[in-house]
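**Student:** The listed protein sequences derive, respectively, from chains A and B. For the first sequence, the working numbering begins at 11 and goes up steadily by one. For the second sequence, the working numbering begins at 15 and goes up steadily by one.
Some clues are possibly wrong.
Dumping the calculated SDA-like pairs for lysine to any residue here, alpha-carbon to alpha-carbon at most 20 Å [claimed, not checked]:
(1) B:135 / A:37
(2) B:135 / A:214
(3) B:182 / B:211
(4) B:135 / A:38
(5) B:135 / A:41
(6) B:182 / A:234
Partial chain A-side listing against chain B, Cβ under 10 Å, derived [stated by the list, open to error]:
(7) 217
(8) 224
(9) 231
(10) 238
(11) 239
Think of the hints as simulated: they come from the structure by calculation, not from any bench. Quick reminder that beta carbons are idealized off the backbone N, C-alpha and C, glycines included.
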Amino acid sequence: MSARTSDLAITGAVPDVAAPRGGRLAGRGTALAALLIFLVLAVLPPVAVAVNDPFLVVTATRIIVFAIAALSLDLVLGYGAMVSFGHAAFLGLGAYAVAILSSHGISDILVQGVVAVAASALFALVTGAISLRTKGVYFIMITLAFGQMAYFFMVSLSAYGGDDGLTLGGRSTLFGLPILKSDFALFYLSLGVLVLAFVGLRALTLSRFGRVLRGTKENPVRMQAIGFQPFAFQLTAYVIAGALAGIAGVLLANQAEFVSPAYMSWQRSGELIVMVVLGGMGTLVGAIGGAIALLLLEDWLAHFSEHWKLGLGVLLVLLVLFTRGGIVGGVARLFGRPRS
Amino acid sequence: MSQPLLTVTDLRKSFGALAVTDGVSFDVHDNELHAIIGPNGAGKTTLIHQLSGSLGCDSGTVRLAGGDITRHSMVDRVRLGLARSFQITSILDGFTVIENAAMAVQARSGSSFRFLRPASKERRLNDEAMAALARVKLDDRAQRRAGSLSHGEKRQLEIAIALATGAKLLLLDEPLAGTGHEESAVLVELMRELKTTHTIVLIEHDMDAVFALADRVSVLVYGRLIATGSAAEVRSHPDVRAAYLGEEEEAVRC
Numbered sequence: 011m012s013a014r015t016s017d018l019a020i021t022g023a024v025p026d027v028a029a030p031r032g033g034r035l036a037g038r039g040t041a042l043a044a045l046l047i048f049l050v051l052a053v054l055p056p057v058a059v060a061v062n063d064p065f066l067v068v069t070a071t072r073i074i075v076f077a078i079a080a081l082s083l084d085l086v087l088g089y090g091a092m093v094s095f096g097h098a099a100f101l102g103l104g105a106y107a108v109a110i111l112s113s114h115g116i117s118d119i120l121v122q123g124v125v126a127v128a129a130s131a132l133f134a135l136v137t138g139a140i141s142l143r144t145k146g147v148y149f150i151m152i153t154l155a156f157g158q159m160a161y162f163f164m165v166s167l168s169a170y171g172g173d174d175g176l177t178l179g180g181r182s183t184l185f186g187l188p189i190l191k192s193d194f195a196l197f198y199l200s201l202g203v204l205v206l207a208f209v210g211l212r213a214l215t216l217s218r219f220g221r222v223l224r225g226t227k228e229n230p231v232r233m234q235a236i237g238f239q240p241f242a243f244q245l246t247a248y249v250i251a252g253a254l255a256g257i258a259g260v261l262l263a264n265q266a267e268f269v270s271p272a273y274m275s276w277q278r279s280g281e282l283i284v285m286v287v288l289g290g291m292g293t294l295v296g297a298i299g300g301a302i303a304l305l306l307l308e309d310w311l312a313h314f315s316e317h318w319k320l321g322l323g324v325l326l327v328l329l330v331l332f333t334r335g336g337i338v339g340g341v342a343r344l345f346g347r348p349r350s
Numbered sequence: 015m016s017q018p019l020l021t022v023t024d025l026r027k028s029f030g031a032l033a034v035t036d037g038v039s040f041d042v043h044d045n046e047l048h049a050i051i052g053p054n055g056a057g058k059t060t061l062i063h064q065l066s067g068s069l070g071c072d073s074g075t076v077r078l079a080g081g082d083i084t085r086h087s088m089v090d091r092v093r094l095g096l097a098r099s100f101q102i103t104s105i106l107d108g109f110t111v112i113e114n115a116a117m118a119v120q121a122r123s124g125s126s127f128r129f130l131r132p133a134s135k136e137r138r139l140n141d142e143a144m145a146a147l148a149r150v151k152l153d154d155r156a157q158r159r160a161g162s163l164s165h166g167e168k169r170q171l172e173i174a175i176a177l178a179t180g181a182k183l184l185l186l187d188e189p190l191a192g193t194g195h196e197e198s199a200v201l202v203e204l205m206r207e208l209k210t211t212h213t214i215v216l217i218e219h220d221m222d223a224v225f226a227l228a229d230r231v232s233v234l235v236y237g238r239l240i241a242t243g244s245a246a247e248v249r250s251h252p253d254v255r256a257a258y259l260g261e262e263e264e265a266v267r268c
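Put together the whole structure using the sequences plus the hints.
**Tutor:** Printed below as a string of structure tokens:
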């Protein structure tokens, strides 16, 4: 009973275990951090009006969309230990669902959303079922390959713009109303989705399902020895993550009013991984923080030099070397929660 | 005599020209503790991998309560009531002690495809997990992180997890591995108590423990069982003495 482990002696008689690992930091700290981020985002539009900088809302919407995509990746990467290098494909599928449907006159966001979720979930089911037969580097390579397949499929789909992409006639509607024409409305819709995704995934990672997923990440042989077949759990997580990234794609298409195969490129997938790792894997709030940090950093560095990516690379190397557990890990250490 | 709980018949497994399991046959009856001993490299761990389903066999059969489980996966065998522990501690370090056990309870208590309710607050899972922990005397460590336990406590947790699966038959792979004198005394007492409710196949190096606990002992040498019998019979078996026990016995006497 050393002092070092005193932080593990949690509350009263009924086990109220703040799920360790993955959830090791996912106690009240990360919930508080997420709440703070959401509050700041919520007051952003009025502030943008006050400082007369409406573009701020546009940038913030874009950041939120990528935060949702990064959140979904954190489920497979941070909780499932599946390094998916083709995650942008789901984002792109969601975006193309909007673009293709609206080019045929179907502009209701609910219909588009359902199609986007169905398409990305189906793609995740098929590619996941195949990819999960492999492990480690092979899993990375095969998800990369599937991502590139989706990318080149869209490149060659000339009916919908091919390589050039496709400009939307306008944003999606809701029950025939052009509500999302307003940048503010789209912003708050995206923020709402982000909050729901965070709350939902948080519950999921602490649920029975999430516990099996976390256990499988830590010790798959042990999980089989007590009677769990990891495949079904990993595949389900993969499909859920794919569907959520598809929803992010719906928002992305509306934000940019344009879609292109570039959304699905492997660089995009890599960026999503960087967001999750930068923020701190397996914490959820880290993925959000990572998306915010990376996109702001890109914007900021682009002011200085056209070679900003070099500066970004250096910064990322330093972060990986000197902060274990990404931003969340760094903050947790700042607030004095020593961990063995 | 009643039907044995576990029947192993002419089990064989070769890696290339090396027969690591070479025609092994034995029965384990209800509430019996059957120890398998043998010198290093005799194939004990291979045998337990075959019994638990993590390694296939070339020929022969394994029957659990009469049903053929030779081709069953590890997951299926656990569901049928055959659980194993690991020689090298294999617990979920990042989880709490109670969650390690509750996870095993969860595996046999309804669907794990539930996505909303926090699993760590499920009373029924936690109650059964606590019962398993209490049997290995770890209930006072329930809320600790499993990785922070002492080695002996981790060995106790190994057994608690196997218990929590609800298995009738426990395959314990060197539960005393790496333990000190006091720790192993605790574990031996524990197994003595477990014998009253469970059938156990014990693989162990510690001869004191084996002869104190085992109803029957089988001796495995180069993949073959050269003798099976009560502790006393095996002890006096000339082949066994030659192959294995002599040196150990002397060491014990010192």
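**Student:** Starting from the hint list further up, note which numbers the structure goes against and sort them upward.
**Tutor:** Result: no hint breaks.
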